[in-house]
Amino acid sequence: MTRQGIEGVRAGGPGDAVCGVVPAHAARPRDVDELAGLLAEATRNGWSVAARGGGTALDWGGRPTSVDLLVDTGALNRIDHDPGDLVAEVGAGTPVAELAAVLAKAGQRLSVDPVRAGGTVGGLLATGLSGPRRLLTGALRSLVIGMTVVRPDGVVARSGGRVVKNVAGYDLAKLHVGGYGTLGVIASAAFRLHPLPPALRLIELPLPSLAHAERRLTLLRASHAVPAAVEIDWPVEGGSRLRVVLEGTPEGVRSRADELVAALARGLPAEEVTVGDALPPGWGLLPAEGTLVRLSVPPAQAPAAAARAAELGGAVDTDVRTTGSARTGALVVAVPPGARASAVTVLLEGLRSHSGWAATVVRAEEHLHTAGIDLWGEVPGLAVMRAVRDAMDPDRRMAPGRFVTDAPHTPREERP
Amino acid sequence: MPDTAHPIPAAVAALVPRLRAICGGDGVLTDTSRRRVYDSDGITHHREIPGVVVLPTTAEQVAAVVGLCAGTGVPFVPRGAGTGLSGGALPHPEGVLLSTSRMRRIIEIDPANECAVVEPGVANLDVSRAAAPHGYYYAPDPSSQQVCSVGGNVAENSGGAHCLKYGFTVDHVRGLDVVTPDGALVRLGGKAPDAPGHDLIGAFTGSEGTLGVTTRITVGLTRLPERTVTLLAAFTSMDAGGRAVGDIIAAGVLPSAIEMMDALAIEAAEAAVACDYPAGAAAVLIVELDGPAVEVRAQLAEVTRLCAAAGSFETRTAADADERARIWKGRKSAFAAVGRISPAYIVQDGVVPRTALSEVLRRITELSAQSGIRVANVFHAGDGNLHPLVLFDDAEPGAAERAEEVSGAILDLCVEHGGSITGEHGVGVDKACKMPRMYSPDDLATFDLFRGALDPEGIANPYKLLPTPRLCGERPGVRTGVHPLVESGRAEQF
Numbered sequence: 001m002t003r004q005g006i007e008g009v010r011a012g013g014p015g016d017a018v019c020g021v022v023p024a025h026a027a028r029p030r031d032v033d034e035l036a037g038l039l040a041e042a043t044r045n046g047w048s049v050a051a052r053g054g055g056t057a058l059d060w061g062g063r064p065t066s067v068d069l070l071v072d073t074g075a076l077n078r079i080d081h082d083p084g085d086l087v088a089e090v091g092a093g094t095p096v097a098e099l100a101a102v103l104a105k106a107g108q109r110l111s112v113d114p115v116r117a118g119g120t121v122g123g124l125l126a127t128g129l130s131g132p133r134r135l136l137t138g139a140l141r142s143l144v145i146g147m148t149v150v151r152p153d154g155v156v157a158r159s160g161g162r163v164v165k166n167v168a169g170y171d172l173a174k175l176h177v178g179g180y181g182t183l184g185v186i187a188s189a190a191f192r193l194h195p196l197p198p199a200l201r202l203i204e205l206p207l208p209s210l211a212h213a214e215r216r217l218t219l220l221r222a223s224h225a226v227p228a229a230v231e232i233d234w235p236v237e238g239g240s241r242l243r244v245v246l247e248g249t250p251e252g253v254r255s256r257a258d259e260l261v262a263a264l265a266r267g268l269p270a271e272e273v274t275v276g277d278a279l280p281p282g283w284g285l286l287p288a289e290g291t292l293v294r295l296s297v298p299p300a301q302a303p304a305a306a307a308r309a310a311e312l313g314g315a316v317d318t319d320v321r322t323t324g325s326a327r328t329g330a331l332v333v334a335v336p337p338g339a340r341a342s343a344v345t346v347l348l349e350g351l352r353s354h355s356g357w358a359a360t361v362v363r364a365e366e367h368l369h370t371a372g373i374d375l376w377g378e379v380p381g382l383a384v385m386r387a388v389r390d391a392m393d394p395d396r397r398m399a400p401g402r403f404v405t406d407a408p409h410t411p412r413e414e415r416p
Numbered sequence: 001m002p003d004t005a006h007p008i009p010a011a012v013a014a015l016v017p018r019l020r021a022i023c024g025g026d027g028v029l030t031d032t033s034r035r036r037v038y039d040s041d042g043i044t045h046h047r048e049i050p051g052v053v054v055l056p057t058t059a060e061q062v063a064a065v066v067g068l069c070a071g072t073g074v075p076f077v078p079r080g081a082g083t084g085l086s087g088g089a090l091p092h093p094e095g096v097l098l099s100t101s102r103m104r105r106i107i108e109i110d111p112a113n114e115c116a117v118v119e120p121g122v123a124n125l126d127v128s129r130a131a132a133p134h135g136y137y138y139a140p141d142p143s144s145q146q147v148c149s150v151g152g153n154v155a156e157n158s159g160g161a162h163c164l165k166y167g168f169t170v171d172h173v174r175g176l177d178v179v180t181p182d183g184a185l186v187r188l189g190g191k192a193p194d195a196p197g198h199d200l201i202g203a204f205t206g207s208e209g210t211l212g213v214t215t216r217i218t219v220g221l222t223r224l225p226e227r228t229v230t231l232l233a234a235f236t237s238m239d240a241g242g243r244a245v246g247d248i249i250a251a252g253v254l255p256s257a258i259e260m261m262d263a264l265a266i267e268a269a270e271a272a273v274a275c276d277y278p279a280g281a282a283a284v285l286i287v288e289l290d291g292p293a294v295e296v297r298a299q300l301a302e303v304t305r306l307c308a309a310a311g312s313f314e315t316r317t318a319a320d321a322d323e324r325a326r327i328w329k330g331r332k333s334a335f336a337a338v339g340r341i342s343p344a345y346i347v348q349d350g351v352v353p354r355t356a357l358s359e360v361l362r363r364i365t366e367l368s369a370q371s372g373i374r375v376a377n378v379f380h381a382g383d384g385n386l387h388p389l390v391l392f393d394d395a396e397p398g399a400a401e402r403a404e405e406v407s408g409a410i411l412d413l414c415v416e417h418g419g420s421i422t423g424e425h426g427v428g429v430d431k432a433c434k435m436p437r438m439y440s441p442d443d444l445a446t447f448d449l450f451r452g453a454l455d456p457e458g459i460a461n462p463y464k465l466l467p468t469p470r471l472c473g474e475r476p477g478v479r480t481g482v483h484p485l486v487e488s489g490r491a492e493q494f
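Protein chains in written order, with my numbering: chain V, 1 to 416; chain B, 1 to 494.
Everything labelled a hint here was simulated from the structure, so no lab data went into it. Take the hints with a grain of salt, since some may be wrong.
What the hints assert, rightly or not - For the chain B half of the interface with chain V, some residues (derived, Cβ under 7 Å), not all of them:
hint, residue
1, Y137
2, A319
3, E323
4, T365
5, E366
6, V415
As the list claims (entries may be wrong) - Here are the in silico distance ranges between beta carbons for each label pair:
hint, chain 1, residue 1, chain 2, residue 2, range
7, V, A11, B, D442, 47 to 53 Å
8, B, D320, V, A199, 50 to 56 Å
9, V, E259, B, A250, 40 to 46 Å
10, B, E108, V, P280, 34 to 40 Å
11, V, L279, B, G452, 42 to 48 Å
12, B, A409, V, P14, 58 to 64 Å
13, V, S355, B, A309, 55 to 61 Å
14, B, R129, V, P280, 39 to 45 Å
15, V, A104, B, T304, 27 to 33 Å
16, V, E259, B, E108, 54 to 60 Å
17, V, G276, B, A309, 53 to 59 Å
18, B, R34, V, E259, 53 to 59 Å
19, B, T365, V, K105, 33 to 39 Å
20, B, A251, V, A262, 27 to 33 Å
As the list claims (entries may be wrong) - One side of the interface only, derived from the structure: several residues of chain B facing chain V at Cβ under 7 Å:
hint, residue
21, G190
22, H198
23, P278
24, G280
25, A282
26, R354
27, S358
28, G423
29, A453
30, E457
C-beta atoms are modelled at their ideal positions from N, C-alpha and C, and glycine is treated no differently.
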């Protein structure tokens with residue numbers, strides 16, 4: 001079959017480039033069947049395949065060794081919302097902003113702060129990064145209750161379902177969230193939704209020192225305020241800050257914020273602690289340019305990790321800035337555009353030298369790819385991941401080189 | 001008198017000296033009467049005497065046992081506390097039953113990182129007990145939490161009454177040490193979130209022992225809430241109770257639990273524990289709210305108002321631990337209590353979208369009326385997770401079969417309404433043949449591709465989770481028997 005799919009194939013151009021690699025062909029399937037036909041045809045042709053949604057993360061991940069076909073999921077744009085069940089099944093090509101707008105009309109949301117503007121649901125899933133508000137509902141992976149994926153060989157496979165509570169079968173969606181499309185192309189996903197909270201408070205305060213930051217986090221853990229986000233913002237220069245988001249009823253967030261401010265503001269000039277009732281524009285978005293390093297650390301070490309990144313950046317004259325969820329230890333170090341490969345290597349090696357810290361480059365500038373920096377560092381379980389990859393994509397045609405399973409040099413494996 | 005009815009199969013007997021060298025003499029059980037203790041898990045109508053039982057005490061021992069199995073092609077079945085309700089720990093008669101019951105150290109409670117590190121045999125509730133002095137608890141609370149093990153919870157992705165708000169086991173696991181079916185010990189994640197690469201922790205959780213054995217688990221701990229309030233609301237009909245559930249959710253309130261019982265379940269609970277629920281109730285709702293005191297106060301007012309509006313004729317509120325325990329007593333005793341009003345029963349576990357609850361409950365009532373088989377309903381209403389108790393008299397010829405039919409028809413109703421064949425008990429051996437009702441052959445073949453990537457020889461808990469031709473009849477696209485099960489006639493149970 002797939003005559004139709006093949007008819008829809010056009011020549012690729014510079015605008016289709018994945019980490020600088022221009023695909024020979026590009027196609028925009030109109031539905032899941034066409035997508036399946038396209039991938040089956042690509043299998044017959046032995047083509048390598050990468051997927052794109054909004055095109056906001058085409059420069060994320062490793063540089064592919066080959067892209068014969070770029071699949072644009074933009075036409076898989078569909079929202080099937082069951083407000084009474086707080087569930088929505090959404091096509092991969094649906095813009096995240098469009099989904100948010102539709103859900104908001106029913107007083108609901110997908111409880112994840114996107115880290116890029118203009119992305120699609122498929123891209124959100126394939127890159128897998130969760131923004132600040134992940135303390136109450138978990139990260140993105142916790143919100144996916146079902147997924148339909150077109151396997152590399154064109155077979156359409158579903159896991160999970162449309163109910164929140166379900167333990168039938170393997171939760172394969174977990175492998176695709178953050179898998180960069182290397183195990184198949186995500187066609188749609190079903191999400192658990194949450195009610196939009198009626199009120200919000202954003203408390204913001206400076207963190208004059210590392211000791212101060214650690215003290216504030218200890219106070220936060222001791223409080224009963226139950227924040228939705230605890231964000232740290234730690235540049236090399238210009239002063240570090242803490243942002244705490246509370247969500248709930250209007251009366252509730254008011255008194256919770258009062259209590260929290262009283263606890264956190266001790267020792268600070270009153271005017272330096274602000275309380276707002278809305279999030280600032282661009283909340284949670286990562287810088288659109290430059291290199292991004294995902295830094296995962298035990299939560300109690302989050303301030304120390306941010307301070308360490310600043311110290312390492314400062315030592316190589318690179319103005320890095322660390323943001324992220326201090327309560328979970330999920331941080332991102334943003335490296336400004338144009339940073340030298342040697343400087344990035346110093347940063348990465350410095351961070352990776354700490355036991356229990358993981359630093360992976362989620363977006364590298366082209367010159368860093370060319371310099372061959374180690375994007376991944378140590379990845380425990382890599383042998384298992386590679387076995388899964390070989391089972392699902394034996395010819396390694398799906399975005400080869402973009403994910404750790406294809407990393408050119410074998411990262412060391414940690415043994416327990 | 002020695003029990004000699006089930007000699008150890010030759011392939012397993014050949015391993016015993018090496019198993020003893022690995023686990024020590026007291027860590028290997030060969031005597032039939034001692035092996036028989038392990039012949040089932042919580043679902044006792046599936047029984048097999050394991051070839052041999054091993055009780056390792058360290059991860060290295062687990063790895064060595066699994067490595068030995070891998071080298072000889074002998075299957076192994078992991079087992080935690082044996083409280084599972086899908087036969088996931090049903091032994092293989094020609095395999096090794098690997099019990100983690102001697103690995104029960106709480107390695108660390110780490111309040112600064114809000115996590116605990118435990119061995120797999122640690123009882124679920126013991127984690128909360130150890131964390132309580134620091135102001136924390138371990139959120140997943142399956143009803144067997146006093147005895148069930150954290151390792152078993154990981155295998156089954158256990159939920160519990162409070163997963164409505166706090167999520168399942170998978171949402172709380174940060175790190176896992178896993179012995180994969182080739183005998184390799186792999187450390188995934190730890191105290192830091194978002195382990196790099198694929199989320200193997202997420203995929204491993206809920207894999208029912210088919211991808212290996214956990215030897216160490218790092219779980220997130222949750223801060224004990226400032227306030228917890230439990231509300232009991234009585235209704236004159238299930239419909240009215242169901243309406244209240246929908247209204248609570250629609251109002252944007254997220255209780256930590258919403259439980260519902262019907263008249264028959266209430267009757268059983270009253271007979272067993274005199275829980276003193278309001279007289280004349282055809283349905284009771286138990287709604288638990290927790291969080292900051294100021295938020296709980298607002299939510300309680302809202303929930304009370306919504307229950308009244310939906311027709312509740314009596315509500316009771318419990319704010320201290322003793323009062324809360326009294327309200328929960330009836331609910332928690334319901335399963336056992338049914339034993340008092342019926343000689344035998346089947347506990348079913350299915351899920352429907354919450355909005356389909358009323359319709360499905362009506363259909364269950366019809367099924368019950370048509371078959372003459374009584375069905376008591378006790379369930380997690382907030383997330384549509386039904387636990388119908390199908391009552392029958394096992395002394396009456398044909399009654400068990402009719403009860404099985406009703407129980408199976410209830411699952412069909414769940415699937416028909418877009419739900420699931422299991423919300424928390426797992427697939428195991430009990431529902432392996434029901435998987436095709438929910439998933440296509442391509443879906444199942446894809447599950448099998450994943451399983452085969454980790455366990456190409458099919459030695460890790462074989463014949464569980466996925467349908468096999470031997471048990472379920474020939475079906476295309478599914479693994480054909482790698483390790484033939486003995487001709488035990490088990491197929492007739494499906």
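Numbered hints the structure breaks, given as an ascending list: As far as the earlier hints go, 1, 2, 3, 4, 5, 6, 7, 8, 9, 16, 17, 23, 24, 25, 27 and 30 are violated by this structure, in ascending order.
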